[in-house]
Structures are given as structure tokens and as C-alpha cells.
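Work the whole structure out from these sequences, hints included.
First to last, the protein sequences are chains V and G.
With the first sequence counted from 1, adding 299 to any position gets you the working numbering.
With the second sequence counted from 1, adding 710 to any position gets you the working numbering.
Please note that the accuracy of each hint is not assured.
[What the hints assert, rightly or not] So the derived label-pair ranges between C-beta atoms look like this: (1) G:E830 to V:P304: 28 to 36 Å; (2) V:T374 to G:S859: 41 to 49 Å; (3) V:F381 to G:R776: 36 to 44 Å; (4) V:V332 to G:E833: 18 to 26 Å; (5) G:V871 to V:L387: 54 to 62 Å; (6) G:T870 to V:F391: 53 to 61 Å; (7) G:R776 to V:L387: 46 to 54 Å; (8) G:T870 to V:V332: 27 to 35 Å; (9) V:L315 to G:T780: 26 to 34 Å; (10) G:N868 to V:T451: 45 to 53 Å; (11) V:L448 to G:N868: 55 to 63 Å; (12) V:L446 to G:Q715: 53 to 61 Å.
By construction, these hints were calculated from the structure, which means they are not laboratory data.
Note that beta-carbon positions come from the ideal geometry of N, C-alpha and C, so glycine has one too.
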Amino acid sequence: MNHRPFEDWLLDDQPLNPTQKRELDTHLRTCKVCSALAESNLALRSARLVVPAPGFTSRWQERLVLARRAQRRRTLLGTLFFSVGGLLLLAFLAGPVLVSLIGSPAEWISAMVHALLFIYTTTLAVAEAGSVLFRVLPGFVPPFVWLVLFSTLSGFALLWSVSIWRLMRRPQGVTS
Amino acid sequence: MNEEQTWILQAKNGSDEAFAYIVETYQSPVYNLCYRMLGEPETAEDAAQETFLRAYQHLHRYDIKRPFATWLLSIAAHYCIDRLRRRKLPIFSVDEDEETTFEIPDAQAPHPETEAVHGEQREQIHAMVQSLEATDRAAIVMRYWYDFSEIEIAEALNLTVSAVKSRLHRARKQLGKLWQETSTTAHVERSPYESPAF
Numbered sequence: 300m301n302h303r304p305f306e307d308w309l310l311d312d313q314p315l316n317p318t319q320k321r322e323l324d325t326h327l328r329t330c331k332v333c334s335a336l337a338e339s340n341l342a343l344r345s346a347r348l349v350v351p352a353p354g355f356t357s358r359w360q361e362r363l364v365l366a367r368r369a370q371r372r373r374t375l376l377g378t379l380f381f382s383v384g385g386l387l388l389l390a391f392l393a394g395p396v397l398v399s400l401i402g403s404p405a406e407w408i409s410a411m412v413h414a415l416l417f418i419y420t421t422t423l424a425v426a427e428a429g430s431v432l433f434r435v436l437p438g439f440v441p442p443f444v445w446l447v448l449f450s451t452l453s454g455f456a457l458l459w460s461v462s463i464w465r466l467m468r469r470p471q472g473v474t475s
Numbered sequence: 711m712n713e714e715q716t717w718i719l720q721a722k723n724g725s726d727e728a729f730a731y732i733v734e735t736y737q738s739p740v741y742n743l744c745y746r747m748l749g750e751p752e753t754a755e756d757a758a759q760e761t762f763l764r765a766y767q768h769l770h771r772y773d774i775k776r777p778f779a780t781w782l783l784s785i786a787a788h789y790c791i792d793r794l795r796r797r798k799l800p801i802f803s804v805d806e807d808e809e810t811t812f813e814i815p816d817a818q819a820p821h822p823e824t825e826a827v828h829g830e831q832r833e834q835i836h837a838m839v840q841s842l843e844a845t846d847r848a849a850i851v852m853r854y855w856y857d858f859s860e861i862e863i864a865e866a867l868n869l870t871v872s873a874v875k876s877r878l879h880r881a882r883k884q885l886g887k888l889w890q891e892t893s894t895t896a897h898v899e900r901s902p903y904e905s906p907a908f
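Below, the structure written as C-alpha cells:
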């Protein structure tokens with residue numbers, strides 16, 4: 300038999316029957332390549348488990364404490380960075396407005412009063428228009444239109460509630 | 711549910727004591743994998759510690775139906791592969807720091823001479839394993855030190871079974887070639903799969 304099947308048996312680590320083992324042993328006496336393969340396979344199988352120095356668990360516990368401390372520090376620094384950054388950005392954006400407000404208080408007080416009056420009068424006008432529509436509109440709209448409108452809205456509300464319920468039931472993240 | 715799963719569930723619920731028990735139980739297999747992958751006791755210790763830290767931080771992702779050892783060694787292997795790829799340059803050192811690395815002694819060793827020969831062969835094979843490509847190395851270590859099947863290796867390394875077979879084939883060929891180049895008249899008397907890690 301030629302060299303190839305023996306090399307494949309060794310390289311693929313195939314289980315051999317007694318006849319194949321005998322044939323392989325005979326081949327190994329003459330073939331240096333296959334002999335080296337067989338020896339390296341056996342050396343790998345004879346390799347031992349290397350264990351760490353005593354106190355591994357204690358060292359890991361110390362490392363966990365340090366990792367937690369580092370995590371807390373990172374969180375604190377991140378919060379600090381974003382807070383200071385946010386404040387600086389706010390100061391940069393609001394700075395010119397604040398300066399002008401401080402420079403002429405009478406002007407901004409009158410502008411504020413003007414804005415408040417505008418909001419108040421607009422709200423009153425919208426409320427008045429709404430009440431007129433509320434009184435007039437029912438007479439123009441037939442009852443079946445109201446029925447269709449309320450049914451559609453109820454359907455949407457039901458669909459929304461079912462969607463939320465199904466989303467809440469689905470397990471999140473962890474597979475176990 | 712067995713005792714190990716009980717500890718794992720307790721650790722999942724936030725018990726540091728339970729996770730310390732897990733570290734105590736799996737320290738040797740994890741350290742051994744890191745040592746065989748990285749080649750140095752100091753880096754192996756660091757990698758093993760980091761593996762347990764990552765396992766602790768991602769324990770909520772562990773599926774209790776899968777073997778814990780496979781999951782843990784998968785984390786270790788991926789970490790070591792990443793580290794080797796970052797390092798780029800392979801390490802061929804076979805020197806061992808006696809203060810930090812301990813091999814489990816073979817209680818059935820018949821003669822000191824035989825034991826010395828085996829010791830030399832172990833050093834030789836350790837050095838040869840260091841020359842393999844990172845993923846091939848992980849596959850070889852899982853196959854020979856942990857008796858993982860090709861399916862288990864595929865799961866642990868996120869490879870297909872045929873890719874694992876191909877990698878093992880290539881790695882064995884490379885190791886055989888190196889053995890032929892470096893070895894003189896080595897002869898190892900040992901049954902296959904005699905000393906699995908578990």
C-alpha cells in the first residue's frame with residue numbers, strides 16, 4: 300500500500316480497526332513523515348494540564364474590585380464630562396441673549412409682557428372659535444358620520460392597546 | 711439541575727460567592743488554555759483573569775442548557791486569538807517560570823528517566839504549538855487538552871465542522887513536519903486521550 304492513506308489516517312485522526320493498526324505500524328517503521336506525524340500526535344495526547352499559581356481566585360476577586368472601581372470612575376467622569384460640556388454649550392448659546400437681557404432690563408420686561416399678552420389673546424380667540432364650531436357643527440354633520448368617526452377612533456385605540464400588550468409579553472434580551 | 715447549574719444560577723442572580731466557586735472550579739482549564747495559546751505564564755494568568763471577568767460581566771447571556779465549560783473556554787479562546795492577532799509577532803519561547811506555572815504531576819510515572827524524556831517532549835510540543843496560526847492553535851488545544859469533539863470546537867470557535875476538520879488536518883501536518891525537523895528519536899508510550907483536562 301502507498302503512503303497516502305496512512306498519512307490521511309493520521310492527519311484526520313481516524314479510528315482504526317486492528318488490521319489497519321497493524322498495517323500502519325508496519326508503515327511507520329519505514330516512513331519518517333508518517334512516523335513524525337504519529338509521534339507528534341502521541342506527544343500532544345501526553346501533554347499535561349498546566350495550573351496557575353496558588354491564590355488565583357483571590358487575585359481574581361481583587362481584579363473584580365479594581366474593575367468595579369474603574370467602572371464607577373468611568374461613569375463618574377462621563378457624567379461630569381457631559382454635565383460640564385452641556386453647561387458650557389448652554390452658556391455659549393445663551394450668552395449673547397443673557398448679556399442683552401442684563402444690559403437693558405426694561406426692554407426685555409416689555410417684550411415679555413407683550414409675548415404674554417399675545418399668548419393670552421390668541422388662546423382666547425382660539426377658544427371662542429372652538430366654542431362656535433362646537434355649537435354649529437353638529438347640526439351640519441349627519442349622525443352616521445359621527446358613528447363612523449367614533450368607531451374608527453375606537454378601533455385605533457383597541458389596536459394600540461393590543462400592540463402594547465403583545466410587546467410587553469415578549470421576553471427581552473436574555474436567552475436563558 | 712446539578713450542583714454546577716445551581717452555582718451558575720446563583721451567580722447569575724448576583725452572588726459573588728457563587729462566581730468565586732466557579733472561578734475556583736475552572737481556573738485550571740482556563741489557565742491551561744490561555745497558557746497553551748499565549749505561551750507565557752504571565753500573559754496566561756492575565757488572560758485567564760480577564761476571561762473570568764468577561765464571563766462575570768456577560769453571565770446573563772449564558773444559556774444554561776449549553777455546557778458551561780464550552781462557553782467559558784470559548785470566551786478564553788476568543789480573547790487569546792484577539793490578543794495574538796494584536797500582538798502579530800508569535801512567541802517561540804519554551805522557558806517556564808517555575809514560580810508561576812505548575813504542571814500536574816503524573817502519579818503513574820514509572821521512571822525518572824522516562825519522565826525526563828516526556829518532559830522534554832512536552833516542552834517541544836508546547837513550542838511547536840506556538841508556531842500555529844491562532845485559530846488552528848485553539849482548535850488543537852481544545853482537541854488534545856480538553857478532548858473536545860469537532861462539533862464542540864466548531865461551537866466554541868464559531869466555525870463550521872468542516873472548517874474545524876480542515877484546520878485540525880492542516881495543524882497536524884504542520885506539527886508533524888516540525889516534529890520531524892526538531893525531534894531525534896522521541897518515543898512516547900501513552901494511550902490516546904489519557905489525560906483530558908476535565
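Each hint, compared with the structure:
1. E830 of chain G and P304 of chain V have their C-beta atoms about 31 Å apart, which keeps the hinted 28 to 36 Å range intact.
2. Evaluation of the 41 to 49 Å hint for T374 of chain V and S859 of chain G yields a pass: the beta carbon distance comes to about 43 Å.
3. Taking 36 to 44 Å as the suggested C-beta distance range, the pair F381 of chain V and R776 of chain G conforms, at roughly 39 Å.
4. About 23 Å separates the C-beta atoms of V332 of chain V and E833 of chain G, a value consistent with the hinted range of 18 to 26 Å.
5. A hinted range of 54 to 62 Å holds for the C-beta pair V871 of chain G and L387 of chain V, which are about 57 Å apart.
6. Look at T870 of chain G against F391 of chain V: about 55 Å separates their beta carbons, and that is inside 53 to 61 Å.
7. Checked against the hint of 46 to 54 Å, the C-beta distance between R776 of chain G and L387 of chain V comes to roughly 49 Å, which is consistent with it.
8. Hint check: T870 of chain G to V332 of chain V, Cβ distance near 29 Å, so the stated range 27 to 35 Å holds.
9. Restraint check, L315 of chain V to T780 of chain G: a C-beta distance of roughly 28 Å satisfies the suggested window 26 to 34 Å.
10. The given range of 45 to 53 Å is respected by N868 of chain G and T451 of chain V, whose C-beta atoms sit roughly 51 Å from each other.
11. One distance hint, 55 to 63 Å for the beta-carbon pair L448 of chain V and N868 of chain G, holds here, with the actual separation near 56 Å.
12. The beta-carbon spacing between L446 of chain V and Q715 of chain G, approximately 60 Å, falls within the hinted interval of 53 to 61 Å.
Of the hints listed earlier, there is not a single one the structure fails to meet.
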